[in-house]
Structure formats: structure tokens, C-alpha cells
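> So you can see what is in the structure, the chains are spelled out below.
There are 2 protein chains.
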Amino acid sequence: MFKSYNPYKLEDKMKSLHHFFSENMESFLGYPCNGKFDYRSLYPFLDYPLNNVGDPFVSSNFALNTHNIEREVIEIFQDLTKADKSETWGYCTNGGTEGNMYGLFLAREIHPNAIVYYSDETHYSVNKIIKCLNIKSTRVKALPKGEMDLNHLNQLLYDNQNKPAIIVCNVGTTMKGAIDDLKGIRNALKKNNIKRSYIHADAALSGMILPFVKDPQSWSFADGIDSISISGHKMIGSPIPCGIVLAKSENIDHISQEVEYVGSKDTTIPGSRNAISPVFLWYQLKKLGFIGFQRMIKKCFDVADFSIKMFKAYGIEAWRHNNSVTVVFKRPSDYLIKKWQLAVNGETAHIITMPHVTKRKIVSFVKEIAEDKKRALKQVSSL
Amino acid sequence: MFKSYNPYKLEDKMKSLHHFFSENMESFLGYPCNGKFDYRSLYPFLDYPLNNVGDPFVSSNFALNTHNIEREVIEIFQDLTKADKSETWGYCTNGGTEGNMYGLFLAREIHPNAIVYYSDETHYSVNKIIKCLNIKSTRVKALPKGEMDLNHLNQLLYDNQNKPAIIVCNVGTTMKGAIDDLKGIRNALKKNNIKRSYIHADAALSGMILPFVKDPQSWSFADGIDSISISGHKMIGSPIPCGIVLAKSENIDHISQEVEYVGSKDTTIPGSRNAISPVFLWYQLKKLGFIGFQRMIKKCFDVADFSIKMFKAYGIEAWRHNNSVTVVFKRPSDYLIKKWQLAVNGETAHIITMPHVTKRKIVSFVKEIAEDKKRALKQVSSL
Numbered sequence: 420m421f422k423s424y425n426p427y428k429l430e431d432k433m434k435s436l437h438h439f440f441s442e443n444m445e446s447f448l449g450y451p452c453n454g455k456f457d458y459r460s461l462y463p464f465l466d467y468p469l470n471n472v473g474d475p476f477v478s479s480n481f482a483l484n485t486h487n488i489e490r491e492v493i494e495i496f497q498d499l500t501k502a503d504k505s506e507t508w509g510y511c512t513n514g515g516t517e518g519n520m521y522g523l524f525l526a527r528e529i530h531p532n533a534i535v536y537y538s539d540e541t542h543y544s545v546n547k548i549i550k551c552l553n554i555k556s557t558r559v560k561a562l563p564k565g566e567m568d569l570n571h572l573n574q575l576l577y578d579n580q581n582k583p584a585i586i587v588c589n590v591g592t593t594m595k596g597a598i599d600d601l602k603g604i605r606n607a608l609k610k611n612n613i614k615r616s617y618i619h620a621d622a623a624l625s626g627m628i629l630p631f632v633k634d635p636q637s638w639s640f641a642d643g644i645d646s647i648s649i650s651g652h653k654m655i656g657s658p659i660p661c662g663i664v665l666a667k668s669e670n671i672d673h674i675s676q677e678v679e680y681v682g683s684k685d686t687t688i689p690g691s692r693n694a695i696s697p698v699f700l701w702y703q704l705k706k707l708g709f710i711g712f713q714r715m716i717k718k719c720f721d722v723a724d725f726s727i728k729m730f731k732a733y734g735i736e737a738w739r740h741n742n743s744v745t746v747v748f749k750r751p752s753d754y755l756i757k758k759w760q761l762a763v764n765g766e767t768a769h770i771i772t773m774p775h776v777t778k779r780k781i782v783s784f785v786k787e788i789a790e791d792k793k794r795a796l797k798q799v800s801s802l
Numbered sequence: 420m421f422k423s424y425n426p427y428k429l430e431d432k433m434k435s436l437h438h439f440f441s442e443n444m445e446s447f448l449g450y451p452c453n454g455k456f457d458y459r460s461l462y463p464f465l466d467y468p469l470n471n472v473g474d475p476f477v478s479s480n481f482a483l484n485t486h487n488i489e490r491e492v493i494e495i496f497q498d499l500t501k502a503d504k505s506e507t508w509g510y511c512t513n514g515g516t517e518g519n520m521y522g523l524f525l526a527r528e529i530h531p532n533a534i535v536y537y538s539d540e541t542h543y544s545v546n547k548i549i550k551c552l553n554i555k556s557t558r559v560k561a562l563p564k565g566e567m568d569l570n571h572l573n574q575l576l577y578d579n580q581n582k583p584a585i586i587v588c589n590v591g592t593t594m595k596g597a598i599d600d601l602k603g604i605r606n607a608l609k610k611n612n613i614k615r616s617y618i619h620a621d622a623a624l625s626g627m628i629l630p631f632v633k634d635p636q637s638w639s640f641a642d643g644i645d646s647i648s649i650s651g652h653k654m655i656g657s658p659i660p661c662g663i664v665l666a667k668s669e670n671i672d673h674i675s676q677e678v679e680y681v682g683s684k685d686t687t688i689p690g691s692r693n694a695i696s697p698v699f700l701w702y703q704l705k706k707l708g709f710i711g712f713q714r715m716i717k718k719c720f721d722v723a724d725f726s727i728k729m730f731k732a733y734g735i736e737a738w739r740h741n742n743s744v745t746v747v748f749k750r751p752s753d754y755l756i757k758k759w760q761l762a763v764n765g766e767t768a769h770i771i772t773m774p775h776v777t778k779r780k781i782v783s784f785v786k787e788i789a790e791d792k793k794r795a796l797k798q799v800s801s802l
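Residue numbers (our numbering), protein chains in the order written: chain L, 420 to 802; chain Z, 420 to 802.
The reader is advised that the hints may include incorrect statements.
Copies of the same chain are indistinguishable here, so a pair counts whether it falls within one copy or spans any two.
[As the list claims (entries may be wrong)] No farther apart than 27 Å at their CA atoms in a straight line, the calculated lysine-lysine pairs in the BS3-like style are these:
| id | residue 1 | residue 2 |
| --- | --- | --- |
| 1 | K706 | K717 |
| 2 | K793 | K718 |
| 3 | K684 | K609 |
| 4 | K555 | K786 |
| 5 | K504 | K422 |
| 6 | K793 | K555 |
Because the hints were derived from the structure by calculation, they are not lab data.
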């Protein structure tokens, strides 16, 4: 059976782990997680067994919760997503996947015989969620730059006109940062005379970008979505994966049950719920404010544009979508993928210019990519 | 739109929240969450955007992970649950509900037409999970002290002999700490000639008690379970809800998909996963060791027995199951339920003598319950 460690060995192992993180943070370019946050003044909360079990909007017997903070976070997101506060409800999740599962769970309860339409560029979690929820689904082709192919969607809807449609609308795809054309999706539903439909927006990253730009694409409740999942550990930044989900209140009753044990309603997917992450989100939102986020995102765009220019200066093609911080280029060598923790899919790679990514870092990175390409070309010509 | 706070106001609000927790920790008797832990030396890990995305046993491009620590935690639990390491697999979850969902998800993939059998005393999350997974189910009556009524199970199995059976076996029920008779369940399956079956154990609390007692009830892989969910924030203690799930490796392939984006396998329910909680669990396990946990649990039993004696001294009936730290008594006034954060269900209430619950606290608490009862009796006699 497992033995207790010598306390020195315990602390030594923790120190070496810390060192490993500190080193690897220096080459963290491929994933959409903001590494720039400072929650040190909140660490003392971790001295308590906190738990946000139950509905954040219903009081609970479990007093060691941060429901009041969670509610404030949800209210801020209701503003950002142009949701009617009296007609929407939400909670803080353990991440984007849980938010997507929640939205699709609601959708299935409302339309049990529906088909889920999602594109080839939709996050891999949606595959798993559909399997888990046991719903019929069909995949819609994506255009080369990542948006859902509306011609294909039209055709698929036409073939299934008698069935309700649940659409997963990507608000920023995982690999290319593409935003599905929400207006086009709604037109396709209308055109094909689909009377019962539900649109869930997966806005993991871009849900915290679009509220702060001048020319956002269609994506919000005002634009016709029924629910949305936004990550907290992406643009806001958090040491623990987290996020929010918002949905229409009238739909929540389909899955809610009263639970006397905790003196609350069981309206969320988990039972016991993380009570620290909502405080992290709240703190960062309140520290920066709307204007702070506007500035932060403008800087991210600047770094993205700078890296595209750098790539071009070395003769390497690279691009980004409008309002996206995802810079797409050709897959480099496995060595560089590992070194810079790049996300790749087939021949495509990307970096994401999150707030911790500096221009100085980009300079070193693009140089290495250029040398890598040169080496590869040499190898090819020497064959 | 939301405004930034004055930094002083921000810190003030955080201070008052901390004060609230510190006060309410003093009367935290009703929920099975150990409040006695000290992870302060691990707080610096929260400076990084850590993420255990993907399978803990497959290397990932996302370097800021604690997969190696997570694997060690899983290996310890494989020992504790008498699992064969070469034939089981597991990961660290966000809590018991996720572990139960995982087990039932696997079970449904293996036996798509099965019926889930679970008792009236099963945790409320199982209801929700069954709805979410879209499986047929039937509820088995529970005996007065909380165990599954095997006569009723037999009858239900007899009525559905042609269908595979998925059984949720409670290893410590939520309200009364009862352990379903696993041997009896297996006999019932045999007797009714059910050829295809799956047993998932919900061992949220007792999964970290039974490995440390001399006379454990049947509950482990050696006793015939197929998967198990154990909470981490319960007996081990954690500021963030967490847990582990273990299942047979051969069953995992039914739901696994390769995901190039993170260079790993998507074998878990969430996508991005908490990388801090596994370190909390690892740290506490390694700090105390097997013998430390044995001692800790013996102390919890002592306090439980002490509180039963105290109750009896005041003429109040109270009891606990063998190997359980859940002390059951009659529901008191709403005032005391709120004050002591008691969990109640109908006429039943309980306290759970977790490691932070001292005998001194029990003395004050039972006195208040006795006074409460006296007051209630007076009111009745004055009518």
C-alpha cells in the first residue's frame, strides 16, 4: 500500500514541478489560454472546502459557497451576450465542453427527435457529447477557411425537413478561428421551412472577444441564439479550466429537479461545483472592466498582425480572420510543434496571440519556423 | 457595460468573503467534506494556466499539465479498490457526479438496451445522469436503514430477464451511509439468469473509508464491480470538488477518439481538465500515507460514536452503520438546519463526522439539538 513521503521529498518534488511549469510557460503559443493573470490575493480562499452545489440563483444549506459572486459573473455575461436578464439563466461551468453539453442537453429535451447539425471544424468535444446524449446528428462540410458550408447545410436541411434541427454554431472554430454565418444559418432554417429549431453557440474563445470589437459578426442572443458556452480560462485566464453557459430560462425547467438534501435546485450538470473559478473570473472582470478588456483585445490583434507581417517577411504564408487572434500557417516540424506547444490538425498549424504572447516571443518563434522551413527545403533539394 | 472596480473595493470585498467563510467553517457539520487540509505550499501552481486536457496516460502537446501526478493518484486508487492495474484505467474528475456519469456512459455503450437499476436512496445525480444519457431505468425500493431492497431487485430483474442490467451499487448512501449488498446483487443477477450486466459503484465518501478498515463490506473490483466513482473533496479534502473514476480498460475503447489538436486521446468526459486538484489529492495521499489515513478514519469513527453517546445521554435516538461516519437522527428545527448546515431529507437529518469535526463541537451541537427538542415538546404540550 502507498507510503507517506518524507516531507522534504514532498516539497522537493513540488519545487521541480513548479520549475517545469515556469520553463514551459516561456514557449506557450499554441493554445487559447491566457497566461497573464494574478489571483494571488484570492489564494487564501483555498483554505476552505468551498462548493457551489446547486443552482446559483437558489439559496442553499451549504453556506461555504460563492453563489453571489457566480451570479454577478453570469449577469456580466448576460450583458456581453445581449441576453435578456429576465429570460435567461446560467451558471459557471468546468469548461467549454460542459457548456456545450448543457446547451445540447436542453436542446434534446425540447426536441427529442431532432438532428444535430455541426461542421467538420466544430470542436472535437461535440462528437463525444452527441454520443453521450444519444442524439442523431449529421456533419456539415466546412469551407477552406473554416466556416460552415451553408450550401451543404441547406441541402442537409432540405433532406430532413420534417425533423427539428439543432445547430451548433461555431463562434470561433478551434483550428482557424472562423465564425459560422449565424444569419445564413437562420435563413437556411427559414428557407427549408424548419419549424422547430434550436441554435447553440460554441463561443469558447471568441465569446470574450466579440463584445469588445467595433464590428462583431452575428453571434449573440440578439442575433438569435438559444444558448451559449464561453470559456473562462481562455480570454479571461484561469489556472483552472472554467466557463459559463447561458440558456433561455423557459428551457431550464425541462431538466431541473428540487433537491432537499442541499436545499437547492439541481439545474446544473455537475453536483458539487467549483466555487473558486467564479471568483477568479469575477476578480479579473472587475479588475479590468469593459474598457480594460477592450484594450487587452486590441493588443492581442496587434500582436497577431505583427506575427503575420513577420511570417510574410520570411516568405511564409500566414493569415487570420477578422476579430480573431488565431494565426494560421503551414504545419512545421514535429520538433517545433513540441517545443512551442503548437496545436496542429493535418497540414494546418496555428498560434494564438493571447495576452501573454509578446512581440519579442513572436520574433524568436517566427525565426525558428523560417529556419525550419529552410532546412526542410534543403533536405528536399538534396534528394 | 460592467465597470472596473477601485482596487481597494475589490480587496475589501474579498476580505469580507474570507471572513464569511472563516465564520461558517465553525458550523460545518452536515456535509461529507473534510475541511482539514493544508495545500498552501501548492498555491504557486495557480500562477500558471494548467490544463490536463486529454488522457492522463497519453502524452500531450499541452506541456502545462500534471498528467504524471494524475497517473500516480490513479495508481494509488487502483491499489485501494483492488483493481488490476493492467486491466483498469481511470482519470481525475470534477467530482462524484462526473464519475457516475462516466461509469453509466460506458455501461450504456456496452449494453445499449439495458435497464439501469438504482435504489430510492441513490444520490440525486443518478436521476439526472440517466436522463442525460437517455437510458431506461427503474427504481428499486430501499430498506428503512438505506440499503437496496434485494427482494424488490429480484422481482424487477425477474420481470426484465431478457434485458441487460446496469446496477448502481451505493457504497455509502448520501443520507444514511448505507452500503448496498454487492454479493446479494450479484446473486440476484445470477438467480434471474441475467447474462449481460454491469455494476457501477458510487463510492463517493466510503470509497476512501473502506480501504482503511478491518472488516470492509463487499465493494471493490475484487468483489465484482465494473467501475467506481470516488470523490476527492470528501474524505481526502480539497477546496475544489474533484474525484476519480476507474473502469475496465477494455470498455474505454467504446468511447475513445484520437484528437490530433491536443496530441492525445479523448477518453474523458470534459475536454480541458483541472490539473490542480490531482496535485491536491496526490499531496494529501503522500503526506498521510496509508497508515495516516487509517488513523484519521479511526478518529472519525471515534467522534461518530461519541456523538451517538451524547445524543443518547439527552434521550435522543441516533445511529450509524458499521464503517460509516454518517450519524443519523430526527430532523431538527429549520433554525438549527441552517445554523449547522445540516443535510436533511424528509424526517431524516445527519451530521457527518469528517476529520475537522471535533468532540468539542459535537458537545455544543448536541446540546442545541436537545434544547431545540425540549422547546418543541413544550410548544406541543402548551397547545
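> Determine for every hint whether it applies to the structure shown.
Structure-based check of all given hints:
no., hint, in the structure
1, K706 - K717, "within (17 Å within a copy, 46 Å between copies)"
2, K793 - K718, "neither (31 Å within a copy, 67 Å between copies)"
3, K684 - K609, "neither (36 Å within a copy, 39 Å between copies)"
4, K555 - K786, "neither (47 Å within a copy, 58 Å between copies)"
5, K504 - K422, "between (53 Å within a copy, 18 Å between copies)"
6, K793 - K555, "neither (47 Å within a copy, 60 Å between copies)"
The structure is inconsistent with the numbered hints 2, 3, 4, 6, although it conforms to all the rest.
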